[in-house]
Every structure is written in C-alpha cells, then in structure tokens.
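A.B. asks: Chain residues, written in single-letter form:
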Amino acid sequence: MSVALETSHLMRRFGGLVATNDVSMTLERGARHALIGPNGAGKTTLINLLTGVLAPSSGTIKLDGADITHTSRARRVELGLVRTFQINQLFPGFTPLETVGLAVSRRLGLDRHMFRSIGSDKRVVGACVEVLERFDLIDVMDRPTATLPYGKQRLLEIAVAIACGPRVLLLDEPAAGVPEGERGEIMDGLAALPADVTVLLIEHDMDLVFRFASRISVLVSGALLLEGTAAEVAADPRVKAVYLGEDAHG
Amino acid sequence: MKSGNIAAAEAALRRVSAVKPAEIVFWLAALAAFFLLPGEALLFNEVVITGLFALSLDLVLGYGGIVSLGHAAFFGVGAYAAGLLTTIGVTDPLTGLILASLATAVLGFLTSFLVLRGSDLTRIMVTLSVAVLLKEVANRIPSITGGADGLQGVAPGPVMGVWEFDIFGQVGFGYSLAVTFVLFVIARRFVFSPFGWSIRAVKENQLRTSAIGIPVSRRLVVVYTIAAFYAAAAGALLAQTTQFVSLDVLEFHRSANLMLILVIGGTGYLYGGLIGALLFKFVQDALATATPQYWEFWVGLILVSLVMIGRERIVGLPASILRRLRGAA
Chain U
1 MSVALETSHL MRRFGGLVAT NDVSMTLERG ARHALIGPNG AGKTTLINLL
51 TGVLAPSSGT IKLDGADITH TSRARRVELG LVRTFQINQL FPGFTPLETV
101 GLAVSRRLGL DRHMFRSIGS DKRVVGACVE VLERFDLIDV MDRPTATLPY
151 GKQRLLEIAV AIACGPRVLL LDEPAAGVPE GERGEIMDGL AALPADVTVL
201 LIEHDMDLVF RFASRISVLV SGALLLEGTA AEVAADPRVK AVYLGEDAHG
Chain L
251 MKSGNIAAAE AALRRVSAVK PAEIVFWLAA LAAFFLLPGE ALLFNEVVIT
301 GLFALSLDLV LGYGGIVSLG HAAFFGVGAY AAGLLTTIGV TDPLTGLILA
351 SLATAVLGFL TSFLVLRGSD LTRIMVTLSV AVLLKEVANR IPSITGGADG
401 LQGVAPGPVM GVWEFDIFGQ VGFGYSLAVT FVLFVIARRF VFSPFGWSIR
451 AVKENQLRTS AIGIPVSRRL VVVYTIAAFY AAAAGALLAQ TTQFVSLDVL
501 EFHRSANLML ILVIGGTGYL YGGLIGALLF KFVQDALATA TPQYWEFWVG
551 LILVSLVMIG RERIVGLPAS ILRRLRGAA
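Taken in order, these protein sequences are the chains called U and L. Heads up: the first sequence is residues 1 to 250, going by the numbering used here. Heads up: the second sequence is residues 251 to 579, going by the numbering used here.
Check each hint, because a few of them may be wrong.
Here are some of the chain L residues that sit facing chain U, going by a computed Cβ distance under 8 Å [unchecked claim]: (1) N255; (2) L263; (3) V435; (4) R439; (5) S443; (6) F445; (7) N455; (8) R458; (9) Q493; (10) F494; (11) D498; (12) A569.
What the hints contain is simulated information worked out from the structure, not anything from laboratory work. Glycine included, C-beta positions come from ideal geometry on N, C-alpha and C.
Please take these sequences and the hints and turn them into a complete structure.
C.D. replies: Quick look at the structure:
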C-alpha cells in the first residue's frame, strides 16, 4: 500500500492557542479514514492546513511523497488534493451545471481558454452530466444555486469537489445541517466514489462515520488522541470520556 | 449517462452565451444612428466612447468584483499616449490606438498588484490615488503633456488611410463605433469562455474558486490588465476624434461619473456601460436644457431613486402594471 497523504509533526499556533498540536498521521491510498473529535478540537484547522488556507507554524505535509507544505492552494488542487466545506461555499449566481462545468474545465486544463465557449467541449459536458447524475442534481442543473433547497446545495458542495478529479478528498462535515431523511443521498454519493480515491471524512454523525470509515482518528484539543479501526475506537474508554464531556486528561 | 441529459446540458450551456434578438436590435439601432442622425454625430461619438470606457469598468467591477474609483487613470494615459503618438509621426489612427492601449495595459498589469488584496475601501483608495498621482505627473511635465494648457498638435491621419476626420464628427463617430463594436465582440466571447467564467467565479466566491484550483490573484491580474487596455482604447478614441487631450481626461469626476453610468446601466451583462452612457448623456442634456441651474439636483435625485428602489423594479414596472391590469380584467 502506498501512502497518499502524510503529515509529520504538524503544528499551528494562534498566539498562545495551539490549534494543531504535533499531528502526525498517514492516509493509505484508497483509505476511508474518518477524523472525529469534540467541537473545537481543531478538525477544520487541520483541513485548512492540509489545503493551504492556513500555513503551519511548523511540520510538513506530503502528498504522494512530495512535500506540499508551501505549495499554493490552486496547485494542491491540481495535484489532486480537494476539499469540501463545512459551511457551503458555492457560487450563488451560477447554476449547478455552470459550477461543475467550471471545475471540470479547470481539471481538463481548459480554463485558460479565453475565446472558446464553455459548453463547446464534449468532454466537459459529458463529465458534468456524469457528476450531476451521480448526485441527483440533473433536474435542477439549470437553476441558480441560490434558489436550490439546502440539501441540494449540500450535494452540489460535494459534486464540485468530485468534478475536480480528486486523488485525496477531504470532506468537512458533508452532512452538516442536512435532515436525517436526506442523508441517504449524501451517503450514496460517497459510496459511489472510485476505490482509489483516498477520503478523509470529518463528521459528527457517528452513524455515518461508522458506516463509511474503516479507520478512525480522534482529535482532542488539537492533538491526536488515538487512531484505530472503527471497532477499536468505539471500544476505547478515553473516546467515550471525551464524548460524554468528562475531563479528557483525567 | 442518459443521452437526453447530455443534450439538455449542452443546450443549457449554449443558451447562456447565445446571441439574443435584443442584442441584434441594439447594434442595428447604433448603426441606424450613424446613418440617420448625422447631425448628432459629435454627441453620439462621446456616448460611444463613454460606453466603451464603462464596458472596461464593467469587466473589472461587474465580472472581477474589483471596485475602482480611479479608472480614469487608464483612460487618461491612453488618451495622452494616442495623442503623443500622432506628434511623433505615428499618424495612422488604428496603429496609434493599439500601441497606446498596449502601453496602458502594461501600466494596468503593474498596478493590478495593488488591488489584489484588501477590502473594497482599500481598493477605492488605491485606485483613486493612482489616478490622482498620474494627473499630477501630467500636470508637472508640460514639456510633454502640455500641462494645464492641454496637448496641442494632435493630428491623426485618415482612418485606414481613406477617411479623414471631419469637423462634424461623422468619421469620428463611425470610427469609434466600429472600434467599440469589435472590442465588444471580443469582450463578449471572453466573458463566456471558461476563463471568463473563472473570473465571475472569483467575484461570486473566492474561497471556492481557489478550492477548485483556480489561482484567484492571477485571474484578477489578467482581467485588470485587459480592462486597462479597454479603458485606454476609449481614451485613445477621444484623443483621436477630438484631436485634443487635456488634464480633464485624468480628472476624478470622470472616474466617479463612470461608476454612476455603470450603476444606471447595470453591471455584469456587458451592455450596462453602453446603455448607461446613453441614458446618462441624454438625461444630462435634457435636464440641462430644462433647468440650466438645477440639473445636477435632478441627476442626483434620479440616481438616489435608482439605488433605493432598484433598477430591476423600475425596468420591470411596465410589465408588472400590465400584469395587474390583465389580472383585474
């Protein structure tokens, strides 16, 4: 098994606060890995470090063995490191088709073309339709994103990431705010991901985590508490203590 | 994948960039103005040039989301460059226009790095400062620019070697209209290209744009540079067709009026600048004739109501009245 994503001794301080504390973790290619932890544990900060939104205070990040600690955000995406956002980050005035179309154009390297219409390339249209079908967005593909129901916007959030052609996909609470009944659609979309795509899932919905992930890391106060299989983590008394609100260091 | 879905997606994408009948009517009307209203050529020439200038701001503001209150910097530099070129022997108008615009595009490229970061307020201050600085420079080097007296001896040759500029402005208007049309068609292709979409994406959501791998800063640099080229072309047209350049081309009111024009016409659909320029000019003219002392008050009132009530509602008013009448009947 080759290593897809690896961090070593990753640190991020905000003044006196250590948001990410000496995190070293390894994701195997094709892994279905979940990252859990109580609110404020630093999960989103970690994603921001991995994707280059924040720069680490120290430590390194490697993608497919290459150091990307100081690589630009856009370049990381080109290399296949793609994320979704906990709070929807979409283009309100674009339709889902245009949103996905732009991501696909970028992946195919067509986004530098200035004098060619966006729909003129068959590969773009084909790839768009494939992604939109998979996430059940075909019926609303021609409506402005701002007018879509929240559940659909949530699906689009993931669909855009998929359209970027990720090798490593970081999902930041994909089911956040989605009502129980509509989570199935998101699960189906995730289950249909190609097996060689490595996924790191951050999620509070334990049901979703245990169904999806084969390995789980627990983050508490910015540091890794433990890592193991789903069964090991579920059985660990320290995890229970953290989630029941008891003193994590006790 | 269903083939019906692919056809539907293709059709939807094509529909966005398809030429609409109203657009053909618009340009035919412009052409008609050239042939049918020769007496108004001087006025129309001014309108077209302002429209092209506003189109440039639309690229920056309506597509790129960069607020600029110093766009006259590029207009003015383009005008001076085109004027100076005729004094050193480059008299062919088109050559002069392209050279002046390219030179200004370099300036646009260099100053674009100043507007990449910061809030709208910072950008307003920075763009404003650049324009003020340039105006002061033009004022301080009268040996080159003519200073406060303006640049004398601007004498462009005939357009395409055939049409001499006349005092009634016929050739000038035709030339400006043709240049504006060509630049408009190029801009239209540009905004519907993948590159154009990526620039609109930057305005919609920078975080997501970078998250799909599009380098936000580089996109803004490109659109700002292109807009500088367009603004300079408008300035060059003014210099060539009026055969005079004064410090007025760099004045603050030019940048401020431009913003008003774009607000009147609407941003983000390319025609806003042209329509806004037309409305602004004619409203200004009509009001100045009706109330020579207080016309500025009325212009102000119209602008405030536009902003407060909203353009969509005013434009949609006839339709909604019609709907109510039909509903009542």
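A.B. asks: Next, verify each hint and record whether it holds.
C.D. replies: Against the structure, the hints come out as follows:
1. N255: holds, 5 Å
2. L263: holds, 3 Å
3. V435: violated, 10 Å
4. R439: Given a least distance of 5 Å, the restraint on L:R439 holds.
5. S443: holds, 5 Å
6. F445: holds, 5 Å
7. N455: holds, 5 Å
8. R458: holds, 4 Å
9. Q493: violated, 34 Å
10. F494: violated, 35 Å
11. D498: Violated, because the Cβ-Cβ distance from L:D498 to chain U comes to roughly 34 Å (cut-off 8 Å).
12. A569: violated, 20 Å
Of the numbered hints stated above, those contradicted by the structure are hints 3, 9, 10, 11, 12, listed in ascending order.
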